[in-house]
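Student: One letter stands for each residue in the lines below.
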Amino acid sequence: MKIKEKNIFIIDDEFPIIKEFVDLGIYEAAISSENLYHLALNENWRFLHDLQQLIKEIITSEPFKEGLLNLVGFTKPEQCLSQIDKMFLPDVVIYDWQYGIVNDIDSQKWLLEILKNTNAFVFVYSKVRDELPPFLNKKVFNVYSERFQLFLKGNKNYSILYVEEFILQFILGITSDSFKIKIHGFDIEFTKNQYLKEASDILYLDRIIGRRNLLDEIRKVGFIINKETVEKILESNKEVLFYSKEKQMLFTPENENVLKKTSSYQKLTFKQVAEMFTLQILEEVLERGLALI
Amino acid sequence: MPRLTEFHIKSLQPLKSPFEGNPRKIADDLLEGEKHNDEFIQFIHDGYEDKHPQQFVPVSIEELEKHNIHKGGKYPEKCFLWVIDESSIKIIWEKTPNERRKASRPDRPYVCHTNITGSGKAYIGGEMYFCDNDNIYVNFSSDRYGTTASEENKIMAIQYIKDCGYKNVIRTDENI
Chain A
13 MKIKEKNIFI
23 IDDEFPIIKE
33 FVDLGIYEAA
43 ISSENLYHLA
53 LNENWRFLHD
63 LQQLIKEIIT
73 SEPFKEGLLN
83 LVGFTKPEQC
93 LSQIDKMFLP
103 DVVIYDWQYG
113 IVNDIDSQKW
123 LLEILKNTNA
133 FVFVYSKVRD
143 ELPPFLNKKV
153 FNVYSERFQL
163 FLKGNKNYSI
173 LYVEEFILQF
183 ILGITSDSFK
193 IKIHGFDIEF
203 TKNQYLKEAS
213 DILYLDRIIG
223 RRNLLDEIRK
233 VGFIINKETV
243 EKILESNKEV
253 LFYSKEKQML
263 FTPENENVLK
273 KTSSYQKLTF
283 KQVAEMFTLQ
293 ILEEVLERGL
303 ALI
Chain B
483 MPRLTEFHIK
493 SLQPLKSPFE
503 GNPRKIADDL
513 LEGEKHNDEF
523 IQFIHDGYED
533 KHPQQFVPVS
543 IEELEKHNIH
553 KGGKYPEKCF
563 LWVIDESSIK
573 IIWEKTPNER
583 RKASRPDRPY
593 VCHTNITGSG
603 KAYIGGEMYF
613 CDNDNIYVNF
623 SSDRYGTTAS
633 EENKIMAIQY
643 IKDCGYKNVI
653 RTDENI
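Going down the list, the sequences are from chains A and B. Numbered by my numbering, the letters in the first sequence go through residues 13 to 305 in order. Numbered by my numbering, the letters in the second sequence go through residues 483 to 658 in order.
By construction, these hints were calculated from the structure, which means they are not laboratory data. You may find that some hints are simply not true.
Claimed, not checked - Derived DSSO-like pairs (lysine-lysine); straight-line CA-CA distance at most 30 Å:
{"no.": "1", "chain 1": "B", "residue 1": "Lys560", "chain 2": "A", "residue 2": "Lys150"}
{"no.": "2", "chain 1": "A", "residue 1": "Lys194", "chain 2": "A", "residue 2": "Lys239"}
{"no.": "3", "chain 1": "A", "residue 1": "Lys165", "chain 2": "B", "residue 2": "Lys560"}
{"no.": "4", "chain 1": "B", "residue 1": "Lys517", "chain 2": "A", "residue 2": "Lys257"}
{"no.": "5", "chain 1": "A", "residue 1": "Lys250", "chain 2": "B", "residue 2": "Lys603"}
{"no.": "6", "chain 1": "A", "residue 1": "Lys168", "chain 2": "B", "residue 2": "Lys553"}
{"no.": "7", "chain 1": "B", "residue 1": "Lys553", "chain 2": "A", "residue 2": "Lys250"}
{"no.": "8", "chain 1": "A", "residue 1": "Lys259", "chain 2": "B", "residue 2": "Lys556"}
{"no.": "9", "chain 1": "B", "residue 1": "Lys560", "chain 2": "A", "residue 2": "Lys151"}
{"no.": "10", "chain 1": "B", "residue 1": "Lys553", "chain 2": "A", "residue 2": "Lys273"}
{"no.": "11", "chain 1": "B", "residue 1": "Lys533", "chain 2": "A", "residue 2": "Lys250"}
{"no.": "12", "chain 1": "B", "residue 1": "Lys644", "chain 2": "A", "residue 2": "Lys273"}
{"no.": "13", "chain 1": "A", "residue 1": "Lys194", "chain 2": "B", "residue 2": "Lys517"}
Kindly produce the complete structure, drawing on both the sequences and the hints.
Tutor: Below you can see the structure in the form of structure tokens.
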């Protein structure tokens with residue numbers, strides 16, 4: 013059965029402007045992936061080189077080559093909304109917040125229209141990210157809160173994944189179980205597995221063993237993330253946690269009071285906790301010192 | 483209701499950076515949206531001033547039992563995060579929205595302990611639940627400021643919370 017092609021829309025008014033495209037009216041409607049790629053390969057994107065790189069990564073990815081992804085650009089949200097009206101629907105939208113003279117009310121209205129009229133996941137992708145929460149922390153967005161995320165363009169301090177790396181793994185992850193992602197610029201072969209249902213679940217490992225340790229461990233496993241290498245990464249940590257079957261509880265050894273009150277418990281490694289329970293439970297016990305099962 | 487006194491500080495010290503003492507993490511491991519507090523100042527309650535945070539939502543007896551809050555269980559809807567910083571106890575409702583954190587923690591688009599301190603230093607931190615039975619259930623569940631605290635730190639933290647005027651304060655790790 014052929015998997016439906018996923019439509020990725022990028023809405024941004026700062027795509028490089030070239031005369032040839034202006035003369036052909038290309039910026040006045042949906043910009044095809046061929047034309048976006050032409051701009052990405054040949055033009056100066058100034059402060060948007062991370063977006064330029066993201067476009068290159070999408071277009072050269074296996075899912076794109078296999079016809080599983082379609083990438084389209086718009087310079088104005090109204091152009092995108094017009095296509096949505098014609099039932100050309102996005103699966104993912106990368107939505108710049110500012111257009112020309114900044115009007116947050118319009119930006120908010122367009123975003124809401126996109127969310128209302130599609131089932132797309134929207135990355136609100138902006139240079140002024142820190143000014144936006146008051147516009148998004150509104151009741152009207154609550155119902156869509158699981159379908160959008162706010163990102164600072166080109167942010168490298170976000171987590172184990174840079175912002176554009178996060179968006180790339182999200183897009184590739186909706187088409188395939190196994191694909192190449194980027195982490196801190198390195199190519200990583202990723203395969204979904206019993207521990208990591210999505211590539212973004214790597215963030216659990218980030219939070220469990222810390223970013224520096226995770227980057228070191230990813231190097232050691234040859235830039236491949238699958239079930240076996242996740243287990244190796246977890247085994248690299250030699251700490252133990254305590255499990256009381258009687259009290260249905262996992263806890264850290266620092267919990268002196270709990271330890272005193274628990275007569276029988278089993279020592280478990282991080283890998284054993286992930287195997288017996290989940291990475292989420294492992295994270296919870298490390299974060300809270302205790303997790304009730 | 484006092485600011486911290488020398489008496490408290492003696493058993494709470496040292497002030498710790500986020501994750502200090504954690505064998506796996508350092509402050510650089512804080513994620514996007516976990517370092518700032520300017521956005522939340524209006525919601526951060528100074529326990530020195532009065533008893534209930536402005537976002538006060540009590541836990542019912544049914545919720546207490548269902549989520550085993552008195553035994554260390556978690557119930558984010560009615561959880562308050564607390565830290566004792568260099569001057570007093572600061573409290574915020576955990577479900578205070580944090581849109582910036584959603585990018586790195588889509589499963590938890592709300593505040594964490596370092597959103598109280600602006601990723602600065604604190605003596606200790608954890609969670610607290612204000613219950614309909616008038617008890618306040620307190621734990622030290624904070625990987626940034628609480629889980630590596632010593633028993634002496636924990637005892638004094640509870641003492642200070644009581645000295646601020648909070649009544650019926652119960653350590654959940656004594657209920658296990």
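Student: Next step is simple, just say for each hint if it's right about the structure.
Tutor: Going through the hints against the structure:
Proposed proximity of Lys560 of chain B and Lys150 of chain A is supported: the alpha carbons are some 20 Å apart, at most 30 Å. For a cut-off of 30 Å, the pair hint linking Lys194 of chain A to Lys239 of chain A stands: about 18 Å separates their Cα positions. For the given pair, Lys165 of chain A sits about 34 Å from Lys560 of chain B by alpha-carbon distance, which is inconsistent with the 30 Å threshold. For the proposed pair Lys517 of chain B and Lys257 of chain A, the alpha carbon gap of about 37 Å is over 30 Å, so the pair is violated.
Between Lys250 of chain A and Lys603 of chain B, the direct Cα distance comes to roughly 28 Å. Compliance with the 30 Å bound is thereby established for this hinted pair. For the proposed pair Lys168 of chain A and Lys553 of chain B, the alpha carbon gap of about 40 Å is over 30 Å, so the pair is violated. Distance hint between Lys553 of chain B and Lys250 of chain A is fulfilled; the C-alpha atoms sit about 28 Å from each other, no more than 30 Å. With a CA separation close to 15 Å, the supplied pair Lys259 of chain A and Lys556 of chain B stays within the 30 Å bound.
For the proposed pair Lys560 of chain B and Lys151 of chain A, the alpha carbon gap of about 19 Å is at most 30 Å, so the pair holds. With a CA separation close to 12 Å, the supplied pair Lys553 of chain B and Lys273 of chain A stays within the 30 Å bound. Distance hint between Lys533 of chain B and Lys250 of chain A is unfulfilled; the C-alpha atoms sit about 43 Å from each other, more than 30 Å. A threshold of 30 Å between alpha carbons decides the hint, and for Lys644 of chain B with Lys273 of chain A the separation of about 24 Å falls inside it, so the pair holds.
In summary, the hint linking Lys194 of chain A to Lys517 of chain B is supported, as the alpha carbons are separated by about 25 Å, within the 30 Å threshold.
In the structure shown, a violation is registered for the earlier hints numbered 3, 4, 6 and 11, in ascending order.
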